[in-house]
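Make a model of the complete structure from these sequences and hints.
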Amino acid sequence: MMMTTKVSRQRLSNQVYDILKEMIANYRFSPGARINVEQIAKEVGASRTPVWEAVHRLIQEGLLENIPNRGVFMVALKPEKAIELYEVRNALEGLAAGLAAVNIDAKTLKKMKKSLEEQAKVVEAGDLVGYSQLDYEFHALVYEASRNRTLKEMLEEVKSKMRPIGMHISPVLTDLYRDHVDLLDALERHDAHGAEVAFTRHNSRMIELIEKSVGSDTWKGAHKNTDKKG
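Letter 183 of the sequence shown, counting from 1, is numbered 268 in our numbering, and no numbers are missing.
Among the hints, a few may not be true.
Said to hold, decoys possible - Listed below are the simulated SDA-like cross-link pairs for lysine to any residue, each with C-alpha atoms no more than 25 Å apart in a straight line:
(1) Lys196 with Asn154
(2) Lys246 with Asn175
(3) Lys199 with Gly179
(4) Lys198 with Ser289
(5) Lys198 with Glu169
(6) Lys244 with Lys127
Derived from the structure by calculation, the hints contain no laboratory data.
Below is the structure:
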């Protein structure tokens, strides 16, 4: 009976962890925002124990931080760390794009075309959260199409660490969408070099935006919760 109880609690902890990861993926919490553990427990219908277990896992992964006498907060990455992550992502995504150009199938291309149609709508509406989610899914399709499981896992880990980057991407939103259009065009032609170039340009825009935003209202506004007291 003790073993059954332990297993059940572990399953619940895993479920809460998955829910919290999804919340983070959907930008439920802005960088530097305080995480109300009690509120999360009520929201997911669980006791505090499995919620805290899930929170500790996310702290170990670098997505959350526990500040003594203040509480648990979303990590707010410094600009230099954000650029480091984009540089690593850029190299890995270039490789993924090249492999995807060789290995992609018609089913995946169809999904990517559908995604681009949805992206066009959110770009026109200026829906940054909607675009970010579609962007995440679009890139995931490229990783899957690379047919390289190790590369896919590495990219997923890097992108997970990038969730605390809060950037107002309005200035380059249309350009980012066009990069996706160019990428899909290259993948349809099985042009590995063209696909790599499109992805590299895509990430370079974000690195440039971060560099320009340091010390500006764009970066400060995206990280305005960093200095909040708990």
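Evaluated hints:
1. Of the pairs offered as hints, the one joining Lys196 and Asn154 is violated, with about 47 Å between alpha carbons and a cut-off of 25 Å exceeded.
2. Between Lys246 and Asn175 the CA atoms are separated by roughly 14 Å; this keeps the pair inside 25 Å, and the hint holds.
3. The hinted pair formed by Lys199 and Gly179 meets the criterion: a straight-line CA distance of about 22 Å does not exceed 25 Å.
4. Under the criterion of a C-alpha separation no larger than 25 Å, the hint pairing Lys198 with Ser289 is consistent with the structure, at around 23 Å.
5. Distance check on the hinted pair: Lys198 and Glu169 sit about 30 Å apart at the alpha-carbon level, beyond 25 Å; violated.
6. Among the hinted pairs, Lys244 with Lys127 is inconsistent with the structure: their alpha-carbon atoms are about 29 Å apart, more than 25 Å.
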